[in-house]
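**Q** Sequence:
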Amino acid sequence: MDAKEQWYVYLLLCDQKTFYVGITPDIANRIRQH
3 MDAKEQWYVY
13 LLLCDQKTFY
23 VGITPDIANR
33 IRQH
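Residues in the sequence shown are numbered consecutively from 3, following the numbering used here.
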């Protein structure tokens with residue numbers, strides 16, 4: 003992995019009151035996918 007590449011950690015609250023934790027280098031694209 004390139005040291006200059008930024009990664010994002012995100013948390014989503016699901017309908018069942020559980021959390022989904024993910025990582026992505028492209029947060030805008032990942033949000034569109036959810």
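Errors might be hidden in some of the hints.
[Said to hold, decoys possible] Pair by pair, the computed Cβ-Cβ distance ranges are:
hint, residue 1, residue 2, range
1, Ile33, Glu7, 23 to 29 Å
2, His36, Ala5, 23 to 29 Å
3, Lys6, Ala30, 14 to 20 Å
4, Gln35, Gln8, 26 to 32 Å
Quick caveat, the hints were computed from the structure, so don't treat them as lab data.
By construction, the Cβ of each residue, glycine as well, lies at the ideal position given by its N, Cα and C atoms.
**Q** Evaluate each hint against the coordinates.
**A** Verification of the supplied hints:
Roughly 18 Å separates the CB atoms of Ile33 and Glu7, a value that falls outside the hinted 23 to 29 Å. Between His36 and Ala5 the CB atoms are about 28 Å apart, so this pair conforms to the stated range of 23 to 29 Å. Distance hint for Lys6 and Ala30: a CB-CB separation of about 19 Å, consistent with the stated range 14 to 20 Å. A hinted range of 26 to 32 Å is violated for the C-beta pair Gln35 and Gln8, which are about 18 Å apart.
Checked against the numbered hints above, the structure violates hints 1 and 4; every other hint is satisfied.
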